[in-house]
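If you read the protein sequences in the order shown, they are chains A and B. Numbered per our numbering, the first sequence spans residues 1 to 659. Numbered per our numbering, the second sequence spans residues 1 to 249.
No wet-lab data here; the hints were simulated from the structure. Treat each hint with caution, since some may be false.
Cut-off 25 Å, straight-line C-alpha distance, at most; resulting in silico cross-link-like pairs (BS3-like, lysine-lysine) [claimed, not checked]: (1) A:Lys525 / A:Lys297; (2) B:Lys147 / A:Lys184; (3) A:Lys20 / A:Lys6; (4) A:Lys102 / A:Lys577; (5) A:Lys182 / B:Lys11; (6) A:Lys367 / A:Lys404; (7) A:Lys6 / A:Lys200; (8) A:Lys404 / A:Lys389; (9) B:Lys11 / A:Lys515; (10) A:Lys253 / A:Lys515; (11) B:Lys11 / A:Lys577; (12) A:Lys394 / B:Lys147; (13) B:Lys147 / A:Lys389; (14) A:Lys577 / A:Lys252; (15) A:Lys577 / A:Lys525; (16) A:Lys253 / A:Lys200; (17) A:Lys363 / A:Lys389; (18) A:Lys618 / A:Lys633.
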Amino acid sequence: MELNTKIPEGQLEHKWTNYKGHCRLVNPSNKRNLEIIVIGTGLAGASASATLAELGYQVKSFFFQDSPRRAHSIAAQGGINAAKNYQNDGDSVFRLFYDTIKGGDYRSREANTYRLAEVSGNIIDQCVAQGVPFAREYGGLLANRSFGGVQVQRTFYAAGQTGQQLLLGAYSALERQVAMGKVKMYARHEMVELVVIEGKARGIIARNLVTGELERHFGHAVVLASGGYGNVFYLSTNAMGSNVTASWKAHKKGAYFANPCFTQIHPTSIPISGDHQSKLTLMSESLRNDGRIWVPKKKDDPRKANEIPEEERDYYLERRYPAFGNLVPRDVASRGAKERCDAGYGVGASKQAVYLDFASAIKRYGKVQANKMQLENPDEQTIIQLGKKVVEEKYGNLFEMYEKITGENPYEVPMRIYPAIHYTMGGLWVDYELMTTVNGLFAIGECNYSDHGANRLGASALMQGLADGYFVIPYTIGNYLADEIATKPIPTDHPAFDEAEKSAAERINRLMNVKGNHSVDHFHKRLGKIMWNKCGMSRNAQGLREAIEEIRALREEFWQDVHISGGTDELNPELEKAGRVADFLELGELLAVDALQREESCGAHYREESVTEDGEAKRDDEHFCYVSAWEYKDGENSELHKEPLEFNVVHLTQRNYKK
Amino acid sequence: MNLTLKVWRQKNSADKGGFETYPVSDISEDMSFLEMFDVLNERLINEGQEPIAFDHDCREGICGMCSMYINGIAHGPLHSITTCQLHMRHFHDRETIVVEPWRARPFPVVKDLVVDRSAFDRIIEAGGYISVNTGNAVDANAIPIEKESSDLAFAAAACIGCGACVAACPNTSAMLFVSAKISQLAKLPQGGPERKTRVVNMIDQMDKEGFGSCTNIGECQAVCPKDIPITHIARANKEYLRATFAASK
Numbered sequence: 001m002e003l004n005t006k007i008p009e010g011q012l013e014h015k016w017t018n019y020k021g022h023c024r025l026v027n028p029s030n031k032r033n034l035e036i037i038v039i040g041t042g043l044a045g046a047s048a049s050a051t052l053a054e055l056g057y058q059v060k061s062f063f064f065q066d067s068p069r070r071a072h073s074i075a076a077q078g079g080i081n082a083a084k085n086y087q088n089d090g091d092s093v094f095r096l097f098y099d100t101i102k103g104g105d106y107r108s109r110e111a112n113t114y115r116l117a118e119v120s121g122n123i124i125d126q127c128v129a130q131g132v133p134f135a136r137e138y139g140g141l142l143a144n145r146s147f148g149g150v151q152v153q154r155t156f157y158a159a160g161q162t163g164q165q166l167l168l169g170a171y172s173a174l175e176r177q178v179a180m181g182k183v184k185m186y187a188r189h190e191m192v193e194l195v196v197i198e199g200k201a202r203g204i205i206a207r208n209l210v211t212g213e214l215e216r217h218f219g220h221a222v223v224l225a226s227g228g229y230g231n232v233f234y235l236s237t238n239a240m241g242s243n244v245t246a247s248w249k250a251h252k253k254g255a256y257f258a259n260p261c262f263t264q265i266h267p268t269s270i271p272i273s274g275d276h277q278s279k280l281t282l283m284s285e286s287l288r289n290d291g292r293i294w295v296p297k298k299k300d301d302p303r304k305a306n307e308i309p310e311e312e313r314d315y316y317l318e319r320r321y322p323a324f325g326n327l328v329p330r331d332v333a334s335r336g337a338k339e340r341c342d343a344g345y346g347v348g349a350s351k352q353a354v355y356l357d358f359a360s361a362i363k364r365y366g367k368v369q370a371n372k373m374q375l376e377n378p379d380e381q382t383i384i385q386l387g388k389k390v391v392e393e394k395y396g397n398l399f400e401m402y403e404k405i406t407g408e409n410p411y412e413v414p415m416r417i418y419p420a421i422h423y424t425m426g427g428l429w430v431d432y433e434l435m436t437t438v439n440g441l442f443a444i445g446e447c448n449y450s451d452h453g454a455n456r457l458g459a460s461a462l463m464q465g466l467a468d469g470y471f472v473i474p475y476t477i478g479n480y481l482a483d484e485i486a487t488k489p490i491p492t493d494h495p496a497f498d499e500a501e502k503s504a505a506e507r508i509n510r511l512m513n514v515k516g517n518h519s520v521d522h523f524h525k526r527l528g529k530i531m532w533n534k535c536g537m538s539r540n541a542q543g544l545r546e547a548i549e550e551i552r553a554l555r556e557e558f559w560q561d562v563h564i565s566g567g568t569d570e571l572n573p574e575l576e577k578a579g580r581v582a583d584f585l586e587l588g589e590l591l592a593v594d595a596l597q598r599e600e601s602c603g604a605h606y607r608e609e610s611v612t613e614d615g616e617a618k619r620d621d622e623h624f625c626y627v628s629a630w631e632y633k634d635g636e637n638s639e640l641h642k643e644p645l646e647f648n649v650v651h652l653t654q655r656n657y658k659k
Numbered sequence: 001m002n003l004t005l006k007v008w009r010q011k012n013s014a015d016k017g018g019f020e021t022y023p024v025s026d027i028s029e030d031m032s033f034l035e036m037f038d039v040l041n042e043r044l045i046n047e048g049q050e051p052i053a054f055d056h057d058c059r060e061g062i063c064g065m066c067s068m069y070i071n072g073i074a075h076g077p078l079h080s081i082t083t084c085q086l087h088m089r090h091f092h093d094r095e096t097i098v099v100e101p102w103r104a105r106p107f108p109v110v111k112d113l114v115v116d117r118s119a120f121d122r123i124i125e126a127g128g129y130i131s132v133n134t135g136n137a138v139d140a141n142a143i144p145i146e147k148e149s150s151d152l153a154f155a156a157a158a159c160i161g162c163g164a165c166v167a168a169c170p171n172t173s174a175m176l177f178v179s180a181k182i183s184q185l186a187k188l189p190q191g192g193p194e195r196k197t198r199v200v201n202m203i204d205q206m207d208k209e210g211f212g213s214c215t216n217i218g219e220c221q222a223v224c225p226k227d228i229p230i231t232h233i234a235r236a237n238k239e240y241l242r243a244t245f246a247a248s249k
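Okay, chain B solo, but in the shape it has when bound (with noise of 0.2 Å):
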């Protein structure tokens, strides 16, 4: 296959940026979508200019590292994967395709298609764990768990962190990350005693990071490769207004 990409280039995060363009020719059907950016890479190195810098790391679809919009869409246009799985079969031949880094104020780019998605980590600082120091714990079966709870809570669990939810957003929300932690802490009898605080101040931090507010537009779920539904939105919001209304203090 030969392509045209054309790819979002950024020096730095103070660099104002642009698109580049490059042909791409002898891309076998059989590449990750990926392994067809170490091609033109290597190619570039061997031109001697300077390769595209791009998130990735386990290319299996689970540690959530790379993040391209393809011709627009988070992860491209395949559901349910990561930019990792997605293959070059699923293009034709001669097609252009437009490569870009997240764009969402709170994901400043690092570089070309990196970005910074540390805000992620300091919404779970604010409260998506349970308090338990190791050596703590009761026995594993002391704690029967609802099989139907359980299950949720690991589809929940499921997120990988890529935030494809907040690029596919209008609004920029991180909803979807925070109501699936939020859901899955919620659903199990070990996340009751934080129950509240813990919605209250991910949803406060979430703010402070300067996301945006979810308005049920449905874009998150649409791109998440891990398919989390929205239905986490809710029960969260269900969560926020029973610890905020119903206060016990």
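Here chain A stands alone, though its shape is the one from the complex (with noise of 0.2 Å):
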């Protein structure tokens, strides 16, 4: 199948201006006619539902959580960019735009990331009006602060709880419709198969995790907004309950999955403190602005930190990258500490993270402050207590929150991190219209893989979540659904629907009718294993030739050994974590095949085999300028698509941090 990208004539600025002015409109009276169903409850899920629903259409809402609330948008720390140019610093729509392909290393849509630009500022809009408290100045206005590796001030935030703060918006506005009898619904329920009827997306099959029961939905259209598969790596900062399978079904009912092996680690992260260990807490990126990275440079150091001496410590990034230190993007602070760590330098119990110090951040503040109240010849101890009263204004929660978890003071011993799994820029393949290749099937927010690339800058998640639902969904589908005012509701009792439903049952019969000798969690933490050391950080051509014998190898075994208590037809979280894990074990393959034939570093994605002289990732443009979209075909032979992609507007570069 040819990929048609549907991108609009015309020049760049204005391609989404003619899209809205010539897209078909569907109006009131058959609006209410038309059923869209709308899976997870996210920025992206919520605030599409919720627009969905003021515009007229009727909205089946499903999630597996007790409230839309739980979503994990909610964790999201930093912020939202938005090109308001508020600050007069000179951000613009164009900035924004060039600084997200830029950060994506070339691997993003033109069109579409230009488009998430020019709506970025009507989120801010829209988030205020609904009462979203976004941290302000003391005129009233609202405040800015700059993030990761841009040079404009244009991230909105809320405290360090900004998706918090925005899925609450999007939640309320969800409820508000729920109330008005536009939206039903469904709790506790999770998406097990997909149903399509003459090549359209007509509806779903949706188990009740309360009662085990599998219950048919119609919709003329169906949207998932399910989130990133970070947990395919066991161990991430995504929840317990984050997962693949409404993509996963989806991709084996026709839609391609595109670029797979994308995915981003986040350099500052908690450590793993043991086996027992079931998700990984992010310690704000921004700790870096005053945190100096090291590690011993005797290897296999079995002294403290306090103990080791200043001249025998390794600043291994201020070392190598003299010019951004420190502060180098999450990719290449995560490679240099796992280089570090698998060498042998590495600290902790586990050995495997490294220090995050703070002792000359509190030093020098305790000097600036000195010299602020006049003291004269401040003792050591006095410029220390200064120091930690200023560091504490600025990062005294998160230091909290690190005392919570490893029981140690980061004032008087430093910070172990360790890079983690956290967000996922592969996804499955849309159009313009954020449109998959099944008719009618629609993927926005994290579970499509559009606008970030091979990398995503900070504060770019919740923006493109919200862009989706509330500015981009709500036009291009009625584009599709201009085409529908005449079907009428399919009954469910149509083939198609027992075919689905069977196919559901037979799987979830199959796992239960394993009755092998291990948990689920064991399975899942050994695809975790081979995930992180195989196709993480850093990946090499046999070694993901390994990892997918090995992924294969697993699942066999997992499907003759696998053992779940308790029941069909009750609430039973054991069955509910085999049918995730069963699909994360497909996609786990897919994602080391994509990164295998992927033979150039990009962004997030490093491979050993293509890299500069000194050893830093090296994109390959004349071969790899494309998405890959992987077409599912029975198991272990999926065919690959390329789009092309094309750049009218900005230039490729190389990155370079070390001047």
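Join the two chains into one complex using the hints; note that each chain is given alone, in its own frame.
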């Protein structure tokens, strides 16, 4: 199948305006008769559900948690970008677009990314109107901060809880539509099958997680907003329930999966403390502004951090990247930590961590304070005390969180940090209208691949989720549904529903009947280890080939040896996990296959075979300037389709952080 | 560490339920409370028993899903944290720990430690929003808001909807949850037009759901993982009086 991106004609800055001016509309009396299924209630799903209902469609909203407010967008800390230029520092739609394309290492589509930048300002307006309490200046206007790797201040934030506040805004808009009878909620429901009739997405099979019942739901269109697949690595900053199941079921029904190997690793997470570890907690990137990263110069140094003298410490980022030092981008900082730990210089009980040290920042701030207070010859103790106060003002809540989790006081001993899987840029392939390769099936937010290329910039995930949900899908879905106004709801006793339900039921029975000897987590942890070691921060052909073999073997073993307690007709968290892990075991292989075919380093995807002379990532635009879109073909033989990326406005350049 | 857990087991909402005792051994003090449950569940699965169902998702204290009494205290012995952020180093070897689901009539038990908190969603449906359709908004900086009010609205909006306030209240009142939302929107000019209807409708819905009345005991703020103070309840009461006695119509 030829990939049709449906990018509108015309100059980049006029494409979206042209599209909106010419797309077909559905009149209000017809909207009332059209039903839309939305999977997920994160920023993308909640904003889409609310907005589509406001427009007059009938919306059904499905989510596996007990309330739509629990979706993992809630955990986003830092902020949301928008090209408002409130700071008068030279920001513009073009600059936000350009930064996003460059940050993504030139592996995203110009037209989509431009549209994202274009609607970014509207998002902030909408959120403020809903009562989202963004941080403000004393004059009463909105505050901004700068964020990873850009030169303007365009990030809007609400302390370290921006995701929470944005999600609660979208959630309240959604609940308003529920009260008006326009949205029907299906809490504790999980989509387990997509129903396709005559080439069009027409509904889903959902499992009621409380009763175990398989339910049939019709929709004139289906919108997936089911998030990313970071949990394929087992340990990640994702929520425990975050999963790929909805996307994967869609993939198996014909939706191409794009760039699965683009997975983002965040450099500053609290390290793993043992095999019991269930998830990783992020420490904000902002800490790298003041913390210095180091490991001992001696291998396997048994001494405590404070016992290691200054001259025996290796500040390896400062050493290797004198220009950017500790502030190199996420992927570079992450690989640096891995390299040191792999070479035997790691710290802590697990030896899989590096120090993030605030001692010199405390002294530096202390001296400044002492000067301000005009203290003469203050002693070291006074300086440290004054400095700690300053650091507390800046990072107090993060230091507290660190202490809660590790039991160590980071004012006294350096923090231990290690990289963690954080976000997945890959996802379902979508065209300009955010429609997948299945007609009437749309994918929005993190579950599509569209706007971030090979690497996402900080504070851009929230922007994309809300752009898709509030401002893009409400237009593009109308263009599709305009053809469907004569389609009557298809009764759910249609053979396609029979078949989809049967397939879902069979799979559940198959899982329950393995009756093996090991828990679901046992397999998930092992999958995570393969993924992390061989498809993680740094990848090579041999490792990826091994990974593919190992994942296949593990999948085989899973289907022969997994044990699921409890029944199918009740709340059974083990069964839920089993279904999700079974899908991860398939996606994991595709991720490795994709990483293997992309023989270049770009953004978060680092292939050891494609590096510059001094060991930095080397992109290969001649051979790999495309989106890889995978078509499902019975398991192990996915077919690659390439969407060539054309850059008409920006020029491709190699990133450099040394000078 | 070796511990004894007494955990509430209940097959479904119709089941009577009761405590079961489980010894757990080799618990590392670096584990979170829920990771300790993971270890226990893994063992139960290996022994062919049914694992304990409990709600959890983000495991970083923000989604509001985890919900347990630990030794009779909602979210356990430490202040300002959720169950998932509580670590085992705060317990001692050979301790007996009692774990129960939220006990409140409007939060019926679904299974074991899992309860149904949809009553909270219905209270928000009753008015916990500003009626503004997508596309209606004016430029964000066209509405300047005094920093103090904005900060206060943010502090109220930090509520994660976990229900600990209800669980801790001897009256099973939901006033801390409800007042935090009322307070947030009352402090912002955008909330002005619906200020009176909102407070009346939300409190009516709270009553309909079967939550009790507030008598200013303060247990709610003591267990709130986000430190939301009961001054919001005072504000909500003021808003309610303003809306009902000083009616504009």
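query = Between B:Lys147 and A:Lys184, does the CA-CA distance stay at or below 25 Å?
reply = violated, 37 Å
ask   = Are the Cα atoms of A:Lys367 and A:Lys404 separated by 25 Å or less?
value = Cα-Cα ~29 Å, so violated.
query = Holds or violated: A:Lys182 with B:Lys11, Cα cutoff 25 Å?
reply = Violated. A:Lys182 to B:Lys11 sits at ~34 Å, over the 25 Å cutoff.
query = Are the Cα atoms of A:Lys363 and A:Lys389 separated by 25 Å or less?
reply = holds, 11 Å
task = Sort out whether A:Lys633 lies within 25 Å of A:Lys618, counting only the CA atoms.
result = violated, 32 Å
request  = Would you check the hint for A:Lys577 and A:Lys252, treating anything up to 25 Å between C-alpha atoms as holding?
outcome  = holds, 19 Å
query = Under the criterion that the straight-line Cα-Cα distance not exceed 25 Å, is the pair A:Lys20, A:Lys6 satisfied?
reply = Satisfied, since the Cα-Cα distance of roughly 13 Å is no more than 25 Å.
inquiry  = Run the distance test for B:Lys147 versus A:Lys389: straight-line Cα separation, threshold 25 Å.
reply    = Cα-Cα ~23 Å, so holds.
message = Please verify whether B:Lys11 and A:Lys577 have alpha carbons no more than 25 Å apart.
response = holds, 19 Å
Pair hint outcome, B:Lys11 versus A:Lys515 [Cα-Cα no greater than 25 Å] = At roughly 22 Å apart (the allowed maximum being 25 Å), A:Lys515 and B:Lys11 satisfy the hint.
ask   = If you draw a straight line from the CA of A:Lys577 to the CA of A:Lys525, is it 25 Å or shorter?
value = holds, 12 Å
Proposed proximity, A:Lys200 with A:Lys253 (alpha carbon, max 25 Å) = Holds, at roughly 10 Å.
When held up to the earlier numbered hints, the structure conflicts with 1, 2, 4, 5, 6, 10, 18 and fits the remainder.
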